[in-house]
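There are 2 protein chains.
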Amino acid sequence: MKVLVIGLGLIGGSMAWELRKQGHSVTGADASAKNAETARNRGLVDGIATPEAGMQGADLIVIAVPVDAAVRLLPGILDRVEEGQTVIDLGSTKAAIVAAAEGHPARARFVACHPMAGTEFSGPEAAVEGLYAGRFTVICNKDESDPDALATAERLFETLGMKTVYYNAEAHDMHAAFVSHISHITSFALALTVLDKEKNEKDIFSLAAGGFTSTVRLAKSAPHTWVPIFKQNKKYLLDVLDAQTEKLRLFREAIESDSDTDLHALIEEANEIKRIL
Amino acid sequence: MKVLVIGLGLIGGSMAWELRKQGHSVTGADASAKNAETARNRGLVDGIATPEAGMQGADLIVIAVPVDAAVRLLPGILDRVEEGQTVIDLGSTKAAIVAAAEGHPARARFVACHPMAGTEFSGPEAAVEGLYAGRFTVICNKDESDPDALATAERLFETLGMKTVYYNAEAHDMHAAFVSHISHITSFALALTVLDKEKNEKDIFSLAAGGFTSTVRLAKSAPHTWVPIFKQNKKYLLDVLDAQTEKLRLFREAIESDSDTDLHALIEEANEIKRIL
Numbered sequence: 002m003k004v005l006v007i008g009l010g011l012i013g014g015s016m017a018w019e020l021r022k023q024g025h026s027v028t029g030a031d032a033s034a035k036n037a038e039t040a041r042n043r044g045l046v047d048g049i050a051t052p053e054a055g056m057q058g059a060d061l062i063v064i065a066v067p068v069d070a071a072v073r074l075l076p077g078i079l080d081r082v083e084e085g086q087t088v089i090d091l092g093s094t095k096a097a098i099v100a101a102a103e104g105h106p107a108r109a110r111f112v113a114c115h116p117m118a119g120t121e122f123s124g125p126e127a128a129v130e131g132l133y134a135g136r137f138t139v140i141c142n143k144d145e146s147d148p149d150a151l152a153t154a155e156r157l158f159e160t161l162g163m164k165t166v167y168y169n170a171e172a173h174d175m176h177a178a179f180v181s182h183i184s185h186i187t188s189f190a191l192a193l194t195v196l197d198k199e200k201n202e203k204d205i206f207s208l209a210a211g212g213f214t215s216t217v218r219l220a221k222s223a224p225h226t227w228v229p230i231f232k233q234n235k236k237y238l239l240d241v242l243d244a245q246t247e248k249l250r251l252f253r254e255a256i257e258s259d260s261d262t263d264l265h266a267l268i269e270e271a272n273e274i275k276r277i278l
Numbered sequence: 002m003k004v005l006v007i008g009l010g011l012i013g014g015s016m017a018w019e020l021r022k023q024g025h026s027v028t029g030a031d032a033s034a035k036n037a038e039t040a041r042n043r044g045l046v047d048g049i050a051t052p053e054a055g056m057q058g059a060d061l062i063v064i065a066v067p068v069d070a071a072v073r074l075l076p077g078i079l080d081r082v083e084e085g086q087t088v089i090d091l092g093s094t095k096a097a098i099v100a101a102a103e104g105h106p107a108r109a110r111f112v113a114c115h116p117m118a119g120t121e122f123s124g125p126e127a128a129v130e131g132l133y134a135g136r137f138t139v140i141c142n143k144d145e146s147d148p149d150a151l152a153t154a155e156r157l158f159e160t161l162g163m164k165t166v167y168y169n170a171e172a173h174d175m176h177a178a179f180v181s182h183i184s185h186i187t188s189f190a191l192a193l194t195v196l197d198k199e200k201n202e203k204d205i206f207s208l209a210a211g212g213f214t215s216t217v218r219l220a221k222s223a224p225h226t227w228v229p230i231f232k233q234n235k236k237y238l239l240d241v242l243d244a245q246t247e248k249l250r251l252f253r254e255a256i257e258s259d260s261d262t263d264l265h266a267l268i269e270e271a272n273e274i275k276r277i278l
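Residue numbers (the working numbering), protein chains in the order written: chain A, 2 to 278; chain B, 2 to 278.
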């Protein structure tokens with residue numbers, strides 16, 4: 002298969018690498034010449050091209066850029082897409098990109114995908130082997146895609162060792178807010194809080210045990226990835242942020258009033274996560 | 002060395018095991034007969050005794066029970082302590098236990114310690130090898146301990162592969178609130194939020210990537226450990242909870258007003274944690 006991957010960061014770079022190792026011919030495109038060079042030097046791709054040139058003769062076009070750029074890019078790609086070509090994106094929000102494709106004559110060549118995988122690092126330097134294996138991919142609004150395009154996307158994720166599930170874009174965005182996006186905000190907020198409190202004594206962090214490191218890990222994530230996700234998923238994020246603030250308030254109230262009972266109840270309820278994860 | 006470890010959970014059980022493997026004779030005591038039996042069956046200790054009987058002839062007495070129980074237990078242990086014996090505790094808060102020892106005729110045989118290590122699991126089943134190696138121990142109010150008792154504690158942590166730092170109990174509790182305790186509350190609150198939001202669709206959690214798992218990991222921690230810690234560290238926790246709530250509010254405001262600039266600034270500031278961790 003001939004593949005074009007547009008965006009050679011953690012997500013696109015890791016996928017390009019995996020596909021290349023499977024024997025596919027992988028061309029990369031990246032708005033940053035430096036990133037493109039790093040990707041080529043690391044062997045993530047066979048070669049570099051512009052998106053336009055890279056599309057020529059490609060069987061699969063993978064859009065792996067930040068979600069705001071993906072929404073801007075997709076219509077132009079669909080304008081140029083040829084018979085038999087499949088276009089997928091890998092973004093963490095799906096309603097906006099599905100809306101960007103809506104009504105386009107080539108809409109059915111596009112499959113909206115979200116492989117639920119990542120790390121706190123970004124850029125082609127962060128591309129890693131095995132990022133996708135064992136994880137889930139969500140495919141959205143599958144009935145809007147041609148059966149053969151859908152099958153191409155499904156096969157791709159299968160060869161990466163992933164399981165595919167199907168949601169509509171709106172439901173995806175809601176659940177993504179709850180099981181992914183709010184974790185990032187929580188972690189960013191924790192980092193801000195603790196950096197503020199310890200601004201004069203940063204050595205203290207060397208004392209921190211694994212718990213702090215784990216909870217604050219996502220706070221290393223890049224703004225160019227997450228700002229557009231937060232903006233596109235505004236509705237559900239505002240909702241879940243209010244819920245999170247309310248839970249913190251319950252803890253505050255229980256601590257303030259020295260209530261063993263309330264603290265026990267809150268923690269025991271939170272412990273339910275053990276049954277699920 | 003003859004050691005008595007009181008409390009054979011994650012913290013005490015892991016330390017007992019390590020000391021036993023180093024060739025020390027380790028007796029365990031636990032208020033739960035079941036935990037004591039599990040600890041003996043797992044080989045964490047050489048034998049089981051009551052705290053009173055276990056103290057006979059011990060060189061070192063290690064208190065590794067929840068911080069409320071430690072505060073209740075310490076004065077009675079100091080009442081019975083003999084010449085040359087050293088008593089340490091391993092609790093996550095230090096002001097209350099230092100206050101509990103204050104003015105006791107045997108105060109100087111006690112060394113207040115906090116090895117900054119742990120996992121989200123508890124009980125003797127959770128005891129693991131290598132929990133302490135490479136981590137820091139905080140020893141508090143060291144001038145209130147006899148030099149030989151302090152040296153015994155320092156040697157202990159050194160043989161476990163730990164580095165020791167020194168704080169007064171008040172400063173310890175403040176920093177512990179910032180680099181450990183607030184992480185636990187944040188994680189508990191995140192679990193509560195997400196369990197609430199997804200209460201009718203728990204399958205969704207199988208989709209979650211590593212980010213959610215990492216951020217919510219501490220939410221598995223046991224209430225009997227954490228309720229007393231939160232209560233003892235009330236003052237600093239209320240303060241840091243207010244700060245955390247304010248940071249969430251800033252995110253909410255930036256998302257609400259679609260402010261790229263503010264979101265970028267918040268995330269970039271949070272990214273500072275990269276330089277530190």
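A hint or two may mislead.
Pairs involving identical chains hold if they fit within one copy or between any two copies, as the list cannot separate such chains.
Claimed, not checked - Below 27 Å or equal to it, Euclidean Cα-Cα: the simulated DSSO-like pairs (lysine-lysine) are:
id, residue 1, residue 2
1, K3, K232
2, K275, K221
3, K35, K200
4, K143, K203
5, K164, K203
6, K164, K275
7, K3, K275
8, K143, K221
No wet-lab data here; the hints were simulated from the structure.
Hints, one by one, checked against the model:
1. Proximity of K3 and K232 under a CA criterion of 27 Å is satisfied in neither setting, with 34 Å inside one chain copy and 61 Å between copies.
2. Taking identical chains as interchangeable, the C-alpha atoms of K275 and K221 lie at most 27 Å apart whether they share a chain (26 Å) or sit on different chains (6 Å).
3. In this assembly of identical chains, K35 and K200 lie within 27 Å of each other by CA distance neither inside one copy nor across copies; the values are 34 Å within and 45 Å between.
4. For the homomeric pair K143 and K203, the shortest alpha-carbon distance between copies (23 Å) is at most 27 Å, but the shortest distance inside one copy (49 Å) is not.
5. In this assembly of identical chains, the alpha carbons of K164 and K203 lie at most 27 Å apart only when taken from different copies (17 Å versus 42 Å within one copy).
6. Taking the shortest alpha-carbon separations for K164 and K275, only the intra-copy value of 23 Å comes in at or below 27 Å, while the best inter-copy value is 32 Å.
7. Taking the shortest Cα distances, K3 and K275 never come within 27 Å of each other, neither inside one copy (43 Å) nor across copies (38 Å).
8. For the homomeric pair K143 and K221, neither the shortest alpha-carbon distance inside one copy (33 Å) nor that between copies (36 Å) is at most 27 Å.
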